[in-house]
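**Student:** Just so you know, the protein sequences line up as chains A and B, in that order. So that you can map any letter, position 19 of the first sequence is 19 in full-length UniProt numbering, and since no number is skipped, the others follow by simple counting. So that you can map any letter, position 23 of the second sequence is 23 in full-length UniProt numbering, and since no number is skipped, the others follow by simple counting.
If you are wondering where the hints come from, they were derived from the structure by calculation, not from laboratory data. Please note: incorrect hints may appear among the correct ones.
Mimicking SDA-like on lysine to any residue, the simulated pairs with C-alpha atoms at most 20 Å apart in a straight line are [said to hold, decoys possible]: (1) B:169 with A:65; (2) A:90 with B:182; (3) B:169 with B:105; (4) B:222 with B:65; (5) B:169 with A:50.
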Amino acid sequence: MATRTARDVTSTTAAQVKGLTKRFGSRVVLDGLDLDIARGEFVALLGRSGSGKSTLLRVLAGLDRDTSGDLRVDGTVAVAFQEPRLVPWKRVLGNVTLGLRVPAPVAAADTALAEVGLTERRDVWPLTLSGGEAQRVSLARALVRDPDLLLLDEPFSALDALTRINVHRLVLDLWERHRPGVLLVTHDVDEALLLADRVLVLDDGRIAHQSEVALPRPRERDHPELVELRSVLLTRLGVALEGSK
Amino acid sequence: MSTSSVDIARPATRARPRLPALPRPRLGLRAVSPPALLILWQVASSTGLLSDRLLPAPATVARTAATLTADGTLGDAVAVSLQRALIGFALGAAAGLALALAAGLSRAGEGLLDPPLQMLRALPLFGLIPLFILWFGIGETPKVILVAFGVLFPIYLNTYAGIRGVDAKLAEVGRVLQLGRIALIRHIVLPGALPQALVGLRQSLGVAWLALIVAEQINASKGLGFMINDAREFLRVDIVVLGLLVYAVLGLATDALVRLAERRALSWRRGLLGT
Ligand SMILES: Nc1ncnc2c1ncn2[C@@H]1O[C@H](COP(=O)(O)OP(=O)(O)O)[C@@H](O)[C@H]1O
Ligand SMILES: [Mg+2]
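Just chain B, same shape as in the assembly (with noise of 0.2 Å):
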């Protein structure tokens, strides 16, 4: 999915060459490994194979669980790491956003913002998370700020290199056409650069949740990452499982509704993709 134009200048209709896909294992068989995983291991556990201490049964890693859903720890942990989340990534998808029309439609916003932007990708992210500390402090805005600071750039990128990849034949069309400019940005630039920005939209959910997870560890005195560290001063390893678990969910969960989103917003390639 991360070509970011298709090449509709070619006059034949079917899909470029591509390899052709392994045949995909029926849905049965895919879904054999991973049960089968999860009873070797609880297997592995009860015989005592492999130490409680070192990564506890999967049944210890329900109960607790199931305890900690009980009492609100785990409810709580995951509604403060989300919001976190939710708010460093609505930030910087925004500015992001923003600053790919501005520098992709325009060569002045591309002149005046494009270089700095460049500069600003090539600090490491992580490293900052000491001068973000002198900055805001320890308490949310540092999280949020090193949230955001991650998500910009590939939305930033992905956008920008897909309005200025849309093909230029097809803004000659529109110039045929006598659209004016708003229309032209409005049916050919935009649509054209979204299967770009989408695949953008996917790298950065990646990068959200690495931040958050990296920002949580650091200092936190609540939220999933407080939950994991406080469980290792207590030597829960069970608990540390669980709030990995926990994080490897939520990272499924938002992927897999970009993914719908995609399908929904570039169903017009599903002749070329033959699905």
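Okay, chain A solo, but in the shape it has when bound (with noise of 0.2 Å):
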């Protein structure tokens, strides 16, 4: 059964989940599954397509009510999602006030929209956003909410690979001064390498593997210690290295 608490300041977790079971008819995507983030922990979620991941975060981000296992989320949830989502009718700002419930939202709004840089934007349809300001907009609505605990699936991986470099550098950014707990997930290693200080390998339902990566950021992607994790996360996820890239 899942527990939400209010934001207890007591508490050093964002979120802590036992034993966290999860069907879909006879097929068992998640079974079984144990995972604690800490506040302000930052953890990248790896594992193969339809292995359980975006499963596991619809649960924590409460989309998902049919589960057996224990769930704890302390706080507020934020999710971005790795279509940006946004609200067509709504202007760029009503869609990053949408649903705030702050003394005064607006100003909050214009705030975290300064902070990804779309300051100019928040008049805007979302519909004439380029693809990278869109989940700008989308994470800027996210974070506005000053979550203890904020959910990324794949909100990179549509990005051109310009764009997502400039990405990766605003949400580590909005991570070191806001400290959310986050769990990204993600299908790209080298992405959980740069940004994670805790990579976790999904596989049978079950975490199956976790590296601490204890470098400070920002990281590059050839660091010997990065290289070397790079080829045991492969491995763990079924990729054979032939050589090396």
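Combine the two chains into a complex, taking the hints into account.
**Tutor:** Here you go:
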């Protein structure tokens, strides 16, 4: 049974999952999964396609309540999906303030839009934004809620390489400023290694492996420690390495 | 404009691929053909090629219009018909909208309302006239009810489909953003259903005028239909033609109103449509 509690300042975990099981019909997607995410911790989740990454994230987001096991999420949760999912009939500002319950929502939204560098786009319709801009609005919409847990489901996968580098930098920046617990789902091992404190591999419905990444940021892609971790993770993901790339 | 939902799922923000529109002929060119036809018609009448008994000349129709306007006949007839159309439309649209909201927003409403409405929809609208006459007599009521009945279904079907067609991914966004039920309906469901509901509005206006014309043909002692029928008795083809033109103008005018409303309400799509 999932429990959601109001923000508990004394708690050091943003999310705690024990024995989480999720079935779709007879197919068991999550099978007694355990996971802790600490306050302010940046966790990346890797796994083959169909391994249940999005399912786990949806459970944490409260979008799927039909599960068994223990789930404890402290405080506010915000989500950015793979597609920005902006509400097309609300201007950028309206998307960021949607459902926002703070004393001065517009001021808060303006601050968030400034943080993602979109101040001058606040009054346009979402359909006129580029993919990268839309994704940044989606990040602003999540961050303006000052979440204790930020869930990101492959939010960068549709961006071109250059935009992606910029958005990585932006996310780290915002994370360092706001310090939410982050669960970043990705299929990109390099992305996970560049951003996260801890990289998890989901397989057979459980966390099958985890690697700590104790390097300071910003990180160099070809740092020897990352190169080694990369090959460990790729092996874990079932990708045989012939030579090295 | 009949697409029910916009594919917001895709990260790219451009419109989904569509056929390149044919370049619109310049306004100048579009404005040429109707007057040309009118002149041709006038010439054919003046030279006797077109008998006045079959189709009177445009000038004749214009003169008739002036006369009937001056003595108030045309104005009275239009007022009566317009009133029937408006009342019928308002009743039908209100009922259709209320039913669509009830069926679209709750499972119970859907289960209770949708099956009977789908059954009623299968009834031929004009086949109901004898029944309406038996039930409501031959006064204003059966005409108004016929219009209302015709309007109800396009409004209901499109609004209901619009509500049900709202992107589930956006509904999830609403839940993640902690919108309550009312806020979800207000910010996500209703605006999402609006494009399709407006399609229903336009369809229903077409039906409204058609239903009115048919209802007025059958028995009327006033209104445009009466004016036309009365003119037929006296072989006044010019008045018949005038009546038809007035119906057409009324139809075009209401359609233009809806287009205007569409442009304003759906301006968020404009980036998508590139206008
Ligand atoms: N709503 C659903 N109904 C049935 N099966 C689902 C549903 N959502 C996900 N699944 C299945 O659960 C498995 C895990 O899906 P998902 O969590 O989306 O994987 P990932 O995000 O790791 O690629 C897949 O086999 C998928 O087909
Ligand atoms: Mg996924």
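**Student:** Would you mind marking each hint as holding or not holding in the structure?
**Tutor:** Hints, one by one, checked against the model:
1. B:169 with A:65: holds, 17 Å
2. A:90 with B:182: holds, 17 Å
3. B:169 with B:105: The hint holds at about 17 Å.
4. B:222 with B:65: Holds, at about 17 Å.
5. B:169 with A:50: Cα-Cα ~19 Å, so holds.
The structure is consistent with each of the numbered hints, conforming to all of them.
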